[in-house]
Structure formats: structure tokens, C-alpha cells
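J.: Just so you know, we're using the numbering used here here: the sequence shown kicks off at 177 and counts up by one.
Accuracy of the hints is not assured; some may be wrong.
Claimed, not checked - Distance windows between CB atoms, simulated:
| no. | residue 1 | residue 2 | range |
| --- | --- | --- | --- |
| 1 | D179 | D248 | 40 to 50 Å |
| 2 | K266 | D232 | 29 to 39 Å |
| 3 | N263 | K184 | 35 to 45 Å |
| 4 | N228 | K262 | 13 to 23 Å |
| 5 | M245 | L307 | 34 to 44 Å |
| 6 | P333 | K233 | 12 to 22 Å |
I should point out that these hints are in silico values taken from the structure, not numbers from a laboratory.
Backbone N, C-alpha and C define an ideal beta-carbon position, used for all residues, glycine too.
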Amino acid sequence: MSDIQYRKYLGEPDLPHVMDLVQSELSEPYVIYTFRYFLHHWPHLSFIAYSNDSSDKTPIGVIVCKQSMHRDLTNRGYIAMLSVSKNWRKRGIASSLVRNSIEAMKEDDVDEIILETEYDNHAALSLYESLGFIREKRLHRFYLNGKDAFRLVLAVPRSYSDDSSDTSGSSPPTKSSLVSRRRMSSHRAIRISPYSDEEDDEASSR
């Protein structure tokens, strides 16, 4: 929406606002070192939403992510925190934040993106399914409150346009690319539930 603006995390001045928003909306506690771990190493993957029509630029939505090699084979992105203020929900903010982070991870050649969310957070499950995520595994008693979680995964196809432009020949696929392709075809999709914008921003998740 035009009245909502999005930008990347800019540094330490943003940290208190991010912490306040996440801690007020999510039940899982995080210490400041957890926030700094993600935000100091991968600031370009974390995005903030704020109202363009207000002089108060306090964030109304935030997503915190990371990206690294998994077992030296898979370039894996991870959505650690997603939170939208209750007063600003049902405006498509959560889905826009996730899309921004996905696109940023694609710039770093991500192979897959994972996250966990509570097994009964139907709004979050519907939101992520609408963006292509599928349920990979149920994690029993994953959270401190004793609740189970679903691990969701989004397989991100690589673009090989640069390689295909060379018609004189092609290099054999690397071990990493073969593993990534096998992983993308190995996830079994499980239907979650229909998604609509009406429940979009109730999808604050961890």
C-alpha cells in the first residue's frame, strides 16, 4: 500500500524499535545479543515497515533474517522474526516484508529459505504457503512455552541464464548445484489452508 514504506535495517539506532516491536508481539523471549547476532551480520536481509503518512517513523513491522551455507552444500536463508503491530494488521505488511527479504536473499544466490512457526498459528501458515513455502517437519515442544512448531521451507530455483548464453559448450554441474536441485525436488508439499489478505498480518511468527 502507498501509505506504507519499507526500508532495510540501518544500524544501531533502529535496534531499540525493532526489539520493542518483536518483544511486544511475539511470545518467545529474545535477549539483545540475539537481535545483534542477526542484525549486525545480515542487516541487508532485515526490513522495517513504517507509515508514510505520519511524522512518527516508529516501525510498525519488521522482519529479521540470516543467510549462510548449510553443511557447506546449501546456501540457506532463515527467517528468524516477523512481527507487525496489531494496529497495522490486515494491510499486506507481513507479506511485503517477507517478499523483500526473499528478494534480498536471491541476490546472494539463496537455494532455500526456512523458518519455524507455531503449529497452530494458522494465519502464519497460510501466509507462508501463499508465498510458496511448504511444511517440511513438525518439531515437538520446540518453543519455551511447550508448543510444537512446523518447519517451513521454500526452495528457490537458481537462474542459469548466464551459463546458457555460452553456446559453445557448458560446464558440468557442481556438487553444490546437484545437491540443491535434489533438495528442491525432495520436499513434499502438504496443503495448509486457504490464504486471504484478511488474515495476512496476524501472521507474526518466529
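J.: Evaluate each hint against the coordinates.
T.: We went through each hint and held it up to the structure:
no.: 1; hint: D179 to D248: 40 to 50 Å; verdict: holds (44 Å)
no.: 2; hint: K266 to D232: 29 to 39 Å; verdict: violated (20 Å)
no.: 3; hint: N263 to K184: 35 to 45 Å; verdict: violated (23 Å)
no.: 4; hint: N228 to K262: 13 to 23 Å; verdict: holds (19 Å)
no.: 5; hint: M245 to L307: 34 to 44 Å; verdict: violated (23 Å)
no.: 6; hint: P333 to K233: 12 to 22 Å; verdict: violated (37 Å)
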